Every structure is written in structure tokens, then in C-alpha cells.
Amino acid sequence: MSVLHYDKHTNSFLLGVGANLYQLSENRAKLLVKCGEAPETTEKEEPIKEGEKAPRAEGPAYITGVATCEGRVAVISNNKVVETFDRDFQRVASTVAIKRATSVQITDKTVVISDKAGDAYSYSTALTDRKYLLGHVSVVMDMILTPDLNFLITCDRDEKIRISHFPNCYNIHSYLLGHQEYVLKILLLSPNLLLSVGGDQKLILWDLSTSQPVQTLPSPQEDYITISYSPPYILACNSRHVTVYKLTDTTLTQTSQLVTDHDIIDVASSDSRVALLTREPKLEIYQFSEGVMSGKCEVEGEIDLSQFKDSVLPEKKKVVRTAGFAEYFERKRKRIEEENLKEESKQAHINLQEKSKETHLKG
Amino acid sequence: MTKVKYPQKRNYRQRAHSNPLSDHSFDYPVSPDVMDWTKLYPRFKPENEVKFCDIGCGYGGLLVTLSPMFPETYMVGFEIRVKVSDYVNDRFLALRQDNEVYHNAGVIRTNAMKYLPNFFRKGQLEKMFILYPDPHFKKCKHKWRIVSEGLLAEYAYVLKVGGLVYTVSDVKEVHDWMVEHFTNFPLFERYDPPAEDKAAQVLIGSTEEGKKVLRNKGQSWTAIFKRIEDPYLVNCAGT
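Residue numbers (our numbering), protein chains in the order written: chain W, 60 to 422; chain R, 10 to 248.
The set of hints was computed from the structure by calculation and includes no laboratory data. Note that the structure is a prediction, hence the values are computed from the model and not measured. Note that the Cβ used here is the ideal one computed from N, Cα and C, for glycine as well. Misleading hints may appear alongside valid ones.
[Stated by the list, open to error] Think about it this way: if two alpha-carbon atoms lie no more than 25 Å apart in a straight line, the pair counts; the simulated DSS-like pairs of lysine-lysine are:
1) R:LYS235 / R:LYS60
2) R:LYS92 / W:LYS190
3) R:LYS152 / R:LYS181
4) W:LYS168 / W:LYS158
5) W:LYS112 / R:LYS148
6) W:LYS175 / R:LYS148
7) W:LYS391 / R:LYS152
8) R:LYS220 / R:LYS207
9) W:LYS393 / R:LYS14
10) R:LYS14 / W:LYS405
11) R:LYS220 / R:LYS14
12) W:LYS391 / R:LYS92
13) W:LYS175 / R:LYS48
14) R:LYS14 / R:LYS48
15) R:LYS92 / R:LYS220
16) W:LYS190 / R:LYS18
17) W:LYS391 / R:LYS18
18) R:LYS92 / R:LYS150
19) R:LYS48 / R:LYS18
20) W:LYS158 / R:LYS148
[Claimed, not checked] Derived DEER-like restraints, expressed as beta-carbon distance ranges:
21) R:GLU238 / W:SER348: 46 to 54 Å
22) R:MET78 / W:ASN399: 19 to 27 Å
23) W:TYR387 / R:ASP45: 49 to 57 Å
24) W:SER404 / R:ASN57: 52 to 60 Å
25) W:PRO250 / R:GLU198: 46 to 54 Å
[What the hints assert, rightly or not] Residues from chain W shown here face chain R by an in silico Cβ test under 8 Å; the list is partial:
26) TYR191
27) TYR229
28) LEU364
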């Protein structure tokens, strides 16, 4: 889930704070629109199965994700509302998802969401015609629709990155397997290169033609928060560090590192600027050049950061249940030991009897 | 050397239902490339590959039947319940010491819903078996069912094109559910096995569950499906 998004179509940053969507151009913030309003229920809402009710918006409304294409902006909110706006930020369509959405992607033909149940759905641009695309068994943490629209890439809490064909997502193309904890975020760097970060504190660069990792980097400081890409630079954020890497061919080399005063919540980057949202809460804009962030400045304009709400992700790290099976194996070991002892003593007894028979016969 | 005894079920009793969505402690490889099958099969060579998988193998009845029928084929059962998979493990240890066969079958305690792609490469399996799956009758438990639209994509991924899935259930509703899901899934079609299909013949009689159904004069329904090429990709190629 990310609330800071670089919109390359307008060379500005979009930021969701609470239910408000802001635009940052240069260093000025402008309130665009309030999101998350539940749509009026109409007959067009088809329930997913017969006898089941149509999904209803529930919970506090705050923005959890933004996606853009040339003519449209899509926003997902915590209360399950999914909306699209035109470039004047007039609401074009809205619907209520079955489960809270975790990621959203938009093209001029379709809107795709992944949700906390692990499922992905596509909609028409009018947000009708919901189609089930695929399902993971755990929450989908991030999702990419490739620019050529041929693949949908989803990553989950069970350490998997799945590459499915699109729109025939029932056909899995490949898996990228290597993380040992949840996969938090993925970025497509080129048609053949994917970057991922996971709860195992690894940053992995993948070759998509072989489905193999080409480079693995350990985290400089505990858990990753997010990653961002402005070719050829990658920004990887932990809670207090932003590490910048340069991608040359298929190798990442570190170019700089910035330490922040407060925990980072989200980051977005363009060719020349980096926007950083911290837990103060504060929004900072940096100049970004040759892979180095500098010249931090605060954002001007009417922006009420106190409204910011942390998106509540389900438990990321696995809570492993062992259900007392150690006890079972201990009891089994004892049982087998006892049985063996019994066997041995029985055998010893028989031997003794044979021996005494022998001596008896002899004697 | 102490002889391995044949396991007795009373020492391995466990509750029938287990929540597949929760995180029990499993051993599973990060990817199929690093899976060491020699731990399971004493005679496994690098050029060998596991070709059959029994999803939810229970007490191992099907594997015990199939193993001598396909002596050159490596087969594995996945079972989520600790004690039950331990039973199957001990069963094969005992069988192997008394027989020349049974070296090609084994069990892994794991969650088939989550970890199939960790064990098998794309298109690796020739046969998959889903025998007497847990019905999980309640609507709120339907997401625990082993056959669902989402999971069919994973089954299609690990099965080769032309590979087969064999299903059996003594609960008509579950059989209908499986038939509906598989038939509506673009990568599977219903398949009528020829008489020579040895696996199809032992579906009902070989498992503990199946034998119980026969004893109680109940009915079992079978359905077999073949993994086919993606019609969407075939059509795109054609245009």
C-alpha cells in the first residue's frame, strides 16, 4: 500500500492524507479531492454469488493507494471504496470492492485491484464488469501490471512472487522464489528485470527470463519500508535510511545514503526530486541528481498532515503454530524405547530358558 | 539392528480437520531447485523427478497401492496433519525393509495449498490425486477447500500439459463442486480414461476412506481431468 505516488503524466506527486488527495507540483501542495465516499447502491452492483449480499463500504475512509494512467487516476481506500477520477479530478466512477484493496493499477481500458484476501480482480474503466483474475492463499502485498499488458505480477505473505499471464491470469507463467519472508514490494525496472524487497530484509534483483535472482543485497538497517525507481536509480527505504543504488546493466551499486530524523512512511521519486513522508508527520522534498538527495525543503500550501492514517496491514510476519507436536514426538520416542526394551528383555528371557533347557538336558 | 515395526493407527490418531490457511511450522524448500529428494527416497538420483502427487494422502493407502504398480515412477503424498504424515512415513520405512519395492513412494508434511510451487517445477507432474477431500461443508469454511478457482491455477502450473488429475468423493456435493470448478477452468477438461489407465482403477478401493465407504455400502463418485493448452493463447497465436 502506498500513499505517495509519482505521476509521470503530469510530473507531479500525488499524496493521500486521510481521505484527502493532494497534488505536489514544485514545492506547493494543492488539495484535489476528498476520496472514499461510498457510492449509492444501484442495481448494477452484482453480488459475487447468488444469495450473497453486495459488498458494503465499511470502516474509516482513508486513502491506501493511488495509480495513474494518462487520462485517469484510480484511488483505493481503507473502507473498500475504489474510485476513478478524470484529470480535472472529477469523480468518474466508484464501486465497493469485496475485500479491502491492497494495490491498484489502471490503464485506459481496465482497473485491476488486489485485496487482503489474496485475490485480484479487474474492472472496466467504468468500474463495472468485475472479473476474478487470480487468488493467492495469503494477502497480496503488491502488484504490477506490466506496461505491455501481457503479465500481472503479484507478491504475497507466503514469500512468493507470481507472474501470471494477463488477462488470462489463470495461466501462471512463472514464480520468482527466493525470499524467506513476506514479499513487501516489487518494481519492474525493465521488461526483463524485477526488484523486490521482503521481510527477510533482502533486496533481490531478478532476471525474468530465467526466473533467477541475479543480485541479492542485505538491508543496511532492519526491515524495508518501501522502494522507488527513477531510472537508473533505485531508492530503498528502511525506517531511518534511504539508500540509493544505481542500476548498470544487471548490477546495483550504492551511490548514496541519507539518514532521516524520523521514521519513513513512504517515498516517491521523479528524475529530479524525491518526496518523503515521515512519521512526524512531515512531508519533505529533496533535489535528486546523480543518485544523491540534497537540498531538503518543506512543502508549502494547505496540507493537513495530522489527518494521516497509517494503513493497517494484516500481520506480515508469520505466527507459527507448533500445537504441541514436540510433545507427540517425545511420547513416540518413549513408546518406541519401551517397546524395544520389552523386546530385548523378552528375548533375553527366551535365551535364558533355552540355555537352562540345554543344561537341564545335558545334566 | 532393531526391526522397524508396522505402525498401528491407534498411536497416530489426530483430528481430521486442520486449518490450511494458518501457519503451522513446515519444512519446505525455498524453491524446487534446492529440494533434496534423497531425504525421502533412498535411491533417488539427480536425473530422477517426482511425477505423481497425492494431495492429502491421509494414511497412505493410495501410495501403497500405486508404488508397486509404477515401480519406475517417483511419487509423493502431501499431508498436513503431523501424526498422520508420521504414520505414513513409518509405514513406508517398514514396507521397504520387508520388500524390494516401495522405495519410490514417500510422504511430506506440508500445506499443499501454499507450497506446491516450492516443491515442483512448472509442468513437472504427470498425475495428481485428490481423493476424498475434506468437504468443509460450512460456507465460511469453503475457502479451506482444496479445489477452488484460485488453486486450480496452481494445479495447472505444476502439471504438464496432458497430465491428469484424479478426483474421488463420497459426498455428492463435493464431487459436483469439483466437477464444476475443473470443467469451468480453461486449463482443464473432463477426461474419460481408457481401460489401460491403471491408476483410475484403484481410486476407490485403495484408500482407507474408500474402503470405509465400500464397507458401509456408500457410493463414491470419480472424475478425471486433463490439463490442456491455454485456449486463450492458442487463439491469440491463431489470429
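| said: Please verify whether LYS48 of chain R and LYS18 of chain R have alpha carbons no more than 25 Å apart. | reply: Holds, at about 24 Å.
| request: Take a quick look at whether LYS152 of chain R and LYS181 of chain R sit within 25 Å of each other, Cα to Cα. | output: 19 Å, holds
| query | Holds or violated: are the alpha carbons of LYS220 of chain R and LYS207 of chain R at most 25 Å from each other? | reply | Holds - the C-alpha atoms of LYS207 of chain R and LYS220 of chain R are around 18 Å apart, at most 25 Å.
| said: Does LYS158 of chain W sit within 25 Å of LYS168 of chain W, going by the straight-line distance between their CA atoms? | reply: 23 Å, holds
| request: Quickly compare the C-alpha distance for LYS92 of chain R and LYS150 of chain R to 25 Å and report which way the hint goes. | output: Within the cut-off at roughly 23 Å; holds.
| request: Look at the Cβ atoms of MET78 of chain R and ASN399 of chain W and judge whether their distance stays inside 19 to 27 Å. | output: 34 Å, violated
| said: Under 8 Å is the threshold here; is the Cβ of LEU364 of chain W close enough to any Cβ of chain R for the hint to stand? | reply: With Cβ-Cβ at 36 Å, over 8 Å, it is violated.
| query | Is the straight-line distance between the alpha-carbon of LYS14 of chain R and that of LYS48 of chain R 25 Å or less? | reply | 20 Å, holds
| query | Do PRO250 of chain W and GLU198 of chain R keep their Cβ atoms within the hinted range of 46 to 54 Å? | reply | 33 Å, violated
| query | Is 46 to 54 Å right for how far apart the beta carbons of GLU238 of chain R and SER348 of chain W are? | reply | Given range 46 to 54 Å: holds, Cβ gap about 51 Å.
| said: Hinted pair, alpha-carbon criterion (25 Å max): LYS235 of chain R, LYS60 of chain R. Please report holds or violated. | reply: Measuring from Cα to Cα gives roughly 15 Å; hence the hint holds.
| message | Between the beta carbons of SER404 of chain W and ASN57 of chain R, is the distance compatible with 52 to 60 Å? | response | 43 Å, violated
The structure does not agree with the numbered hints 2, 7, 13, 16, 22, 23, 24, 25 and 28 stated previously, though it agrees with the rest.
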